[in-house]
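**Q** With the hints as extra help, turn the sequences into a complete structure.
Quick note, the sequences are listed as chains L and H, same order. If you read the first sequence in our numbering, its first letter stands for residue 285, the second for the next number, and so on. If you read the second sequence in our numbering, its first letter stands for residue 52, the second for the next number, and so on.
Note that these hints are calculated values from the structure, not bench results. Honestly, I wouldn't trust all of these hints.
To be verified - Derived pair list, reagent style DSBU-like, types lysine-lysine, alpha-carbon separation capped at 35 Å:
| id | chain 1 | residue 1 | chain 2 | residue 2 |
| --- | --- | --- | --- | --- |
| 1 | H | Lys108 | L | Lys326 |
| 2 | L | Lys352 | H | Lys93 |
| 3 | L | Lys285 | H | Lys129 |
| 4 | H | Lys108 | L | Lys352 |
| 5 | H | Lys93 | L | Lys326 |
| 6 | L | Lys326 | H | Lys134 |
As the list claims (entries may be wrong) - Pulled a few chain L residues facing chain H out of the computed Cβ check, cut under 7 Å:
| id | residue |
| --- | --- |
| 7 | Tyr315 |
| 8 | Gln318 |
| 9 | Lys326 |
| 10 | Gly327 |
| 11 | Leu328 |
| 12 | Ser330 |
| 13 | Leu333 |
| 14 | Gly382 |
| 15 | Ser383 |
| 16 | Arg384 |
| 17 | Phe387 |
| 18 | Glu389 |
From the three backbone atoms N, C-alpha and C, an ideal C-beta is built for every residue, glycine too.
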Amino acid sequence: KQEVTQIPAALSVPEGENLVLNCSFTDSAIYNLQWFRQDPGKGLTSLLLIQSSQREQTSGRLNASLDKSSGRSTLYIAASQPGDSATYLCAVRQETSGSRLTFGEGTQLTVNP
Amino acid sequence: EPEVTQTPSHQVTQMGQEVILRCVPISNHLYFYWYRQILGQKVEFLVSFYNNEISEKSEIFDDQFSVERPDGSNFTLKIRSTKLEDSAMYFCASQRLAGVSSQYFGPGTRLTVL
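**A** Next up, the structure:
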């Protein structure tokens with residue numbers, strides 16, 4: 285059974301700092317991996333989708349990498365801003381279990397002005 | 052930009068009552084999902100729906116749950132006889148093409164069972 289883990293559980297940084305959020309998964313037979321942002325009491329906003337054949341994806345100040353064989357992904361946020369404060373979730377889709385996503389527990393990020 | 056919408060935003064019900072949670076997926080999407088998140092826990096998959104039938108369901112999705120796409124726009128989740136442990140945030144998601152496109156989530160319905 286796939287298990288997705290995110291480290292750290294919480295992170296507090298000063299504004300302007302570059303930071304890395306980590307996601308690991310136990311079963312490397314994934315189809316793709318998706319990063320989301322969740323604001324308190326709100327829904328999930330899709331940030332980046334990486335297919336298993338890709339190494340990285342970029343969107344603005346966000347860069348996600350994927351090392352499928354080692355079961356790891358990172359989300360790099362450049363020049364962090366207070367508006368980046370949220371919980372960041374990673375989720376994987378398996379090769380063989382349909383389209384369901386299996387989520388990690390998230391990293392709660394606080395960017396201090 | 053198109054969005055997934057959900058109603059109501061918050062539903063309070065008594066244990067044993069039936070509830071229907073409603074979702075309007077993005078219009079050109081073909082795959083539809085329900086997930087839930089119990090407070091303080093991970094987001095969990097419930098069910099996926101394609102071509103007017105369930106394509107996959109989790110062990111959580113027992114006989115108390117059902118889904119329906121009654122018309123070309125709405126996608127509903129029904130819980131027949133709610134239990135206290137059904138209290139959670141329920142998210143609807145839609146996807147254009149399975150696997151190669153992102154799943155887009157709605158804002159959620161917070162269900163409170165008393």
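**Q** Could you run down the list of hints and mark each one as holding or not?
**A** Results for each hint:
1. Distance check on the hinted pair: H:Lys108 and L:Lys326 sit about 24 Å apart at the alpha-carbon level, within 35 Å; holds.
2. Note on L:Lys352 and H:Lys93: the hinted pairing holds, with a Cα-Cα distance of about 22 Å set against a maximum of 35 Å.
3. Of the pairs offered as hints, the one joining L:Lys285 and H:Lys129 holds, with about 28 Å between alpha carbons and a cut-off of 35 Å not exceeded.
4. Of the supplied pair hints, the one linking H:Lys108 and L:Lys352 holds, its CA atoms being roughly 26 Å apart against a limit of 35 Å.
5. Using a Cα cut-off of 35 Å, the hinted pair H:Lys93 and L:Lys326 holds, with the two alpha carbons roughly 14 Å apart.
6. For the proposed pair L:Lys326 and H:Lys134, the alpha carbon gap of about 23 Å is at most 35 Å, so the pair holds.
7. Taking 7 Å as the C-beta contact cut-off toward chain H, the hint placing L:Tyr315 at the interface holds, the least distance being around 6 Å.
8. Evaluation of the L:Gln318 hint against chain H yields a held restraint, the C-beta minimum of about 6 Å falling below 7 Å.
9. With a cut of 7 Å, the hint placing L:Lys326 at the interface with chain H holds, because the nearest CB-to-CB distance is about 6 Å.
10. The interface hint given for L:Gly327 is met, as the beta carbon of that residue sits about 4 Å from the closest beta carbon of chain H, less than 7 Å.
11. Interface restraint check for L:Leu328: the shortest CB-CB distance to chain H comes to about 4 Å, inside 7 Å, so the restraint holds.
12. For L:Ser330, the suggested interface contact is upheld, since its CB lies about 5 Å from the closest CB of chain H, less than 7 Å.
13. For L:Leu333, the interface hint holds, the least distance from its beta-carbon to any beta-carbon of chain H being 5 Å, beneath 7 Å.
14. For L:Gly382, the interface hint holds, the least distance from its beta-carbon to any beta-carbon of chain H being 4 Å, beneath 7 Å.
15. Given the 7 Å rule on beta carbons, the hint for L:Ser383 holds: about 4 Å separates it from the nearest Cβ of chain H.
16. At a threshold of 7 Å, the smallest CB-CB gap from L:Arg384 to chain H is about 4 Å, leaving the interface hint in force.
17. With 7 Å as the threshold, the beta carbon of L:Phe387 comes within range of chain H, its nearest partner Cβ sitting at about 4 Å, so the hint holds.
18. The interface hint given for L:Glu389 holds, since its Cβ lies 5 Å from the closest Cβ of chain H, which is under the 7 Å cut-off.
The structure fails none of the hints (numbered hints given earlier).
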